Amino acid sequence: MDNGMEEAGNIMPAAVLESKAAYDIIRGRFGDAVSEFDANPTMPFFEVADASKWVDIALFMRDDARLKFNYMACLSGVDYMEQEQLGIVCNLESIGHYPHRIAVKVKCRREGGSIPSVACVWHTANWHEREAYDMYGMTFEGHPDLRRILCPEDWTGFPLRKDYQVQETYHGIKVPY
Amino acid sequence: MQELGKAELNSTRIIRQDDNRVVIEKDLDTEYMVLSMGPQHPSTHGVLRLECITDGEVVVEAEPYLGYLHRCFEKYCEKVDYPGIVPYTDRMDYLAGMNTEMAYCMAVEKMLDIEIPRRVEFIRVIVSELNRIASHLVAIGTYGIDLGAFTPFLFCFRDREHILNLLEWISGARMLYNYIWIGGLSYDVPADFKKRLSEFVTYFKPKTVELQKLLTENEIFVKRTKGIGIMPADVAINYGWSGPMLRGSGVDWDLRRNDPYSVYPELDFKVALPDPKFCDIGDCLARHVVRAIEMEESLKIIEQCLDMMPGVDGFNSRVAIPKKVRPKAGEVYSRAENPRGEVGFYIVSDGKSTKPLRCKARSSCFVNLSAMKDLSRGQLIPDLVAIIGSIDIVLGEVDR
Amino acid sequence: MSEYFSNIKIGATTIATGMAITFRHFLNAVKRKGDAGIDDADYFKQVDGLCTLQYPREVVPTPTIGRYRLYNDIEDCIGCCQCERACPVECITIETIKTTADDLAACGKTSGGQQKRFWVPVFDIDVAKCMTCGICVSVCPTDCLVHSPVADFSEFDVKNMMYHYGNLSKIEAEAKKRKLDEEKAAKEKAAAEAIARGEAPAAKPKPAPGPMPEGGQAGE
Amino acid sequence: MSQSISLNTWSDALSGFNLGWFPLGLVIVAAVPLVFIALYALTYGVYGERKISAFMQDRLGPMEVGPWGLLQTLADILKLLQKEDIVPTAADKFLFVIGPLIMFVGSFLAFVVLPFGPAFIGADLNVGLFYAVGIVALEVVGILASGWGSNNKWALYGAVRSVAQIVSYEIPASIALLCGAMMAGTLSMQQFCVAQSGPYGFMHYYLFSNPIAWLPFLIYFIASLAETNRAPFDIPEAESELVAGFFTEYSGMKFAMFFLAEYGSMFMVSGIISIVFLGGWASPLPNIGSFALNTMTSGPAWGAFWIIMKGFFFIFVQMWLRWTLPRLRVDQLMYLCWKVLTPFAFVAFVLTAVWEIYK
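Residue numbers (the working numbering), protein chains in the order written: chain A, 1 to 177; chain B, 1001 to 1400; chain C, 2001 to 2220; chain D, 3001 to 3359.
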């Protein structure tokens, strides 16, 4: 596997460089609204510092001829317990245009926080944001249909929060098993 | 039903014309009926529930409701250590356990930055391609059932049985393998495996032809699927479709080639794309045909792997498996091409614990299914069934 | 118009092809698939014809590697509890009692020659919970815990799915526990005496710890 | 025409046979075919379907009850008899109960005019064919009653589809049968068979003696599949779309009645097609020179044998089709009926008329 590893070793920085180039374009357009680039070799990402600009950034990323991030692979909610924040991580890439891919993080307050919805930019985000809401409880402003998706409608609490306490009974059924 | 208000709904009629244009007629005094399709319904492939608003046989809109099979995969992951998650990934997409395992293990291996023996990589590719065939056999067979053809289903299951036997022989289990471990495999393959596998390939090739003649080329089948549920390429990408669904829309995109992993770069295979002479690009038939072609491509990959796989005497498949899996603090998003599309794992490690801080599974079916509402608009109920079948959902993966 | 007729023609021919295939299978129904296992060299020579096997009477043999019923060879078990910790579904329950020095011989050695240092009065596997992932087997240091290829172990009562493998009866376990407590007590007493004698003769000798209510539980 | 003298002798004699006040003969005439069909339909129709489908799908089929599972369907009947007879609370009880009865009666009334041999027929009506076609169509009422009465959306879909389908397919089916009637010059079922029997066996059958007959034959066969809701036209029950169509809410013996009716009408349409185009009870074997195969294999018992065998054959073909083909969509079904079968049926009608005039 020596060859493969060497190859991988060469590819990884190249991939990160591509992401960096894409990031530079975004940075050039939005300036301080985005944070510094994090050259994480397994998942290069940047953070949206000004969450209110997130939809603009998303639209720019999707539509700019140099970026064309037309494919959202994944949107995951994350609980940043220590920073008292909740966040989402979007993995974006471009199908049929460029080989670059990048991850974007958007964070909000832990209690009652909200993040602008990008369901109108990538349809993928629609259900994923519903899932993030279902599991973490942050709201997505402008989401067309923000309901719970995996848990029942009348479930209490947000299961993937680190401080989640499971409810004792649900419709008379004992929950903790 | 956000778009149409209730009053408006009752005076609107959506008609899908022969050329798939949707015409909306207003001011007709018809009443809509809400039809709850599922969670117990023969063609929702498990416990999906579709709330259909119907106008006679025409579906005005179908809203999917999920969660009937939600098993808190992601919550479990935060309680179980890294190797313990592998059996749970099997249970995510239970028709393609090997592929999901491989996607997960590759993600953790990326974090650990460990080197995998070459033979292990080949065996991994072989088992996941076998599993891809098995999974597509189920997809094609059940699609036949959705459209009323029962016999191809049983032919598919007869052949799948041989694959399950092969996989049981090497991993010890028939569906929930826990075969691919972080850094290696639970066992090396048995001595006769190569021979038996090549026998399987010879056995299976004529069966794909038979299946094609019996089902894919059947005129009733073609009439039922051609031009139904058309998804244009750009919308498909925007919906995040992947795998056979995306290729059915004519997008030349395959993670095995576009984001190569394991030994796929060394293998010669074709990315399956539908033939525009036989089907309309992006319709149900195209998706079905892509799966049929992919089975043949998988056979090719298996044959090549059998030739290229280095044989090592007394090979220890667990040689690279770390004693304690405790990745550095960091995060990774890694994905693999599963039978149903891109399965990715987003894993966050805090560097201290042997359990992930966050493990999110990007499920292909979940994303593919999200286009259901758009696809179903203005279709007939039998077409709705055809569309659900062509999405090839596994509820275990949708709900996780 | 020509499309109309060609449609009818295609329809008729494809239907005829399909019917020919099913009819061929119908005629082939005189043959039956054999029940050789996949590890049999003739496996793919006998897959023609009807493929049903009538289950309880005809079975496809599970390969020797088959991972089904958990079995623990308690003779070889050293009571290390690694499987209990590794199990993702927590289906294994183990209680151990440390062996007293004079019991080491009675406790015996594993087949690998390793001295066993724990009695294992409770080794319960709830196979109804077990998801046959095989992680417990992989961590077992003496290879005493194995998944056997016995695939059918259904029971009428779910309680029977709880397999007890412990090597001591309850009474024996009580006795061993008491013995261990006594030994511990003796040791502590000796240690206390040593301290009292050697270090601080002026200090009041500590009262010897009586039989602790929950003392000496479970080995550790 | 020596046969025609002996025609219906048995049944005529039997119906005059009264045991005191009790019309024993009439009961036998009415009950024997019914009992035969009921037994056949339940045990061997279902058993045959299961076995044939199994063999086509590389399976064994029922094997456990009795040798080769021969008693499986009996066991199933026992099970169905013991089941609780559930009527949904919100259902229209009267329609819900009457639905399966109408279907059952409709499908079995038609057996009255089915000749089981040259000497045995329930009632040799001179409008026998017309009666059969009409009475089979009665099933529609049963389906509609059960579908509406179930108060279930799926059942309603099934019922509405079924009505649309059966009513539409009556047209090509009737026209195709009319072609047969023109060839025979009669509507009496018994006369159909008489007209097609002769020393040359199968050569007298309209299918082989008339160069146009294959067209109405095919049209009627296809249309009869649709009329009995068999695949590929089983959209009223379409199990993957409508759960079980119009009998979604039925269980126990009422469910069994639907089955009885389905297999009954399967045999009925097979009987009609074999009588109109394939000579009914007439032996297919020809007299070869002095070796009088045809004469040897004719007669009341042989007649019953031949017509049942022909019926079985068509049932086999129906099953064969069912286990090969996917299901049509509802609009494609209508397309096939109105744009393919009906025009061709008219063409066949005209061609037959021309042939009958100028042959």
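For the record, the hints were derived by calculation from the structure and aren't laboratory data.
Note that this is a predicted model, so its numbers are computed, not measured.
Just so you know, even glycine gets a beta-carbon here, dropped at the ideal spot from N, CA and C.
You may find that some hints are simply not true.
[Said to hold, decoys possible] Keeping only pairs whose Cα atoms sit at most 20 angstroms apart, straight-line, the calculated DMTMM-like set for lysine to aspartate or glutamate is:
id, chain 1, residue 1, chain 2, residue 2
1, A, LYS53, A, GLU36
2, A, LYS105, A, ASP56
3, C, LYS2045, B, ASP1188
4, B, LYS1195, C, GLU2090
5, B, LYS1355, C, ASP2040
[Stated by the list, open to error] To list a few chain D residues with every Cβ distance to chain B over 12 angstroms, as calculated:
id, residue
6, SER3053
7, TRP3068
8, GLY3134
9, VAL3243
10, PHE3255
11, LYS3359
[What the hints assert, rightly or not] One-sided excerpt, in silico: chain C residues whose CB lies under 8 angstroms from chain D:
id, residue
12, THR2022
13, GLY2049
14, CYS2051
_If I take the minimum Cβ distance from D:TRP3068 to any residue of chain B, is it greater than 12 angstroms?_
20 angstroms, holds
*Is the straight-line distance between the alpha-carbon of B:LYS1195 and that of C:GLU2090 20 angstroms or less?*
Outside the cut-off at roughly 39 angstroms; violated.
*Against chain B, does D:PHE3255 keep a CB gap of more than 12 angstroms to every residue?*
17 angstroms, holds
*asked:* Would the hint on C:THR2022 be counted as holding, given a Cβ-Cβ threshold of 8 angstroms to chain D?
replied: Because about 4 angstroms separates C:THR2022 from the closest Cβ in chain D, which is inside the 8 angstroms limit, the hint holds.
*Taking 20 angstroms as the top limit, are the C-alpha atoms of B:LYS1355 and C:ASP2040 close enough?*
42 angstroms, violated
*asked:* Please check whether the beta-carbon of D:SER3053 is more than 12 angstroms away from every beta-carbon in chain B.
replied: 7 angstroms, violated
*Given the hinted pair C:LYS2045 and B:ASP1188, is their alpha-carbon gap at most 20 angstroms?*
25 angstroms, violated
*Against chain B, does D:LYS3359 keep a CB gap of more than 12 angstroms to every residue?*
Consistent with the label, D:LYS3359 stays out of reach of chain B, its closest Cβ about 35 angstroms off (over 12 angstroms).
_Residue hint C:CYS2051, partner chain D, criterion CB-CB below 8 angstroms_ = Constraint on C:CYS2051 satisfied, holds at 5 angstroms.
_Restraint check for A:LYS53 with A:GLU36, where alpha carbons must lie at most 20 angstroms apart_ = The hint holds at about 16 angstroms.
*Just checking, D:VAL3243 versus chain B, shortest CB gap more than 12 angstroms?*
6 angstroms, violated
*Does A:LYS105 pair with A:ASP56 here, judged by a C-alpha cut-off of 20 angstroms?*
14 angstroms, holds
Hint compliance for this structure: hints 3, 4, 5, 6 and 9 are broken, all remaining hints hold.
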